[in-house]
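Engineer: Going line by line, the protein sequences match chains A and B. Each step along the first sequence adds one to the number in the numbering used here, with nothing skipped, and position 68 is 68. Numbers in the numbering used here are just positions in the second sequence, counted from 1, shifted up by 1000.
Hints are computed from structural coordinates only; laboratory data are not their basis. All of these numbers come straight from a predicted model, not from anything done at the bench. Please note: incorrect hints may appear among the correct ones.
Chain A side only, calculated, beta carbon under 8 Å to chain B, not exhaustive [unchecked claim]:
{"id": "1", "residue": "R49"}
{"id": "2", "residue": "G66"}
{"id": "3", "residue": "Y71"}
{"id": "4", "residue": "T75"}
{"id": "5", "residue": "D76"}
{"id": "6", "residue": "G95"}
Where is the CB? At the ideal position from N, CA and C, for every residue including glycine.
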Amino acid sequence: MNIQIKKGVIEVCVFAILSKKDCYGYELAETISSHIEISEGTIYPLLRRLTKEGYFTTYLQESSEGPPRIYYKITDQGIEYKKSLLKDWNNLTKGVNELIEESEKDE
Amino acid sequence: MNKKEFMEKLDKALAGIPKDEKKEVMRDYEDHFSIGLEKGRTEDEIAKSLGDPASIAKSITAEYSITRAKREPSIKNIFRAIITVTGLGLFNLIFVLGPLIIAVALLFVAYGVAILFIAAPFLMLVYPASVSIPSGDTPIWMVAVGLHIIGDILLVLSLYITKGFYKLIIAYLQMNAKIIRGE
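With the hints as constraints, model all of the structure from the sequences given.
Structural biologist: In C-alpha cells form, the structure reads like this:
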C-alpha cells in the first residue's frame, strides 16, 4: 500500500481502537497488523506525537510477565478529534467507493 | 536482523535527539521486543515487522527538531529543523529549500531597497549627482523625501514580514514533515 495513505490509515485505526479501550503499544501494533499490513515500528512515533498533541495520556501498569506496559488512554480532546477524523474518513471512503462503482458500471 | 542489531541501528540513527528523549524511544522498542518474545515470536520476526530502524529514527528526529525550533526559536534550531526534515528525502529538499531561498532573497531585496530609499535625501545632499530621478516639474528634494517615506514604510513592512516569516517556515516544515513522515 502507498506509504502516505497508510500513515493516515494507521492514525484512524489507533483512534478507533483507543476510543474503545486503553491499550499498550504492542497491543495496538498487533491489533492493527492483524487487519492491515503495516511496519509496526511506525506506531510508536505516532503515539508519541499524538500524546504530545494532547489526544492521549499514558500510564504504567505492571504485567504478569515482562516489563510494565505503557498504556495509552484517549483524552476528551482525543475523542473530539476522533469524531472529526472518522467523519473525514467516512466521507473519503464513501466518495472513493462511489467513484469506483461508477467506473465499474461503465466497463 | 536480531534485536541487538535493530537496537544498535536505531541508537546510532537517533543521535540528534537529547538523551532522555532517546531513552524513552529506545524503551518503546526494547519493550516491544520483550513482549514479542514472551508471545513466542523470534527476534528476527519482531525486527522484520517493526520495519527499518533508520527510517523510524528519521521521522522521530525530524519531529523533534520541529518541536524544538517552535519552543526555542533560533537560527540554529530552524536550520537544524530544515536539515532533518529535508533529510527525510532528497525530493523534498527542492520543495523546502527552493521556496525558502526565494523568500529569503526577496526579503533581502526589500531591505536593500528600503535602505536605499531612506538614504535618498542624504545622498542627494552629499552627492547631488548620485540621485538622478526623472522628476518632471516636481522639485527633486520632494521626490527624495517621498522616497524616504516609502523606504520607511517598506522597512517597517519588511521587519513585520520577517517576524511572521519565522512562523511561516515552521508551519511549512511541519506540513512537509507531515507529508513525508516516516518515509
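Engineer: It remains to establish, for every hint, whether it holds in the given structure.
Structural biologist: Each hint, compared with the structure:
1. R49: With Cβ-Cβ at 6 Å, under 8 Å, it holds.
2. G66: Holds: closest Cβ of chain B sits about 5 Å from G66(A), inside 8 Å.
3. Y71: With a minimum Cβ separation of about 12 Å from chain B (threshold 8 Å), the hint on Y71(A) is violated.
4. T75: 19 Å, violated
5. D76: 23 Å, violated
6. G95: Check failed: Cβ of G95(A) comes no nearer than 21 Å to chain B, outside 8 Å.
In this structure, the hints that do not hold are numbers 3, 4, 5, 6, in rising order.
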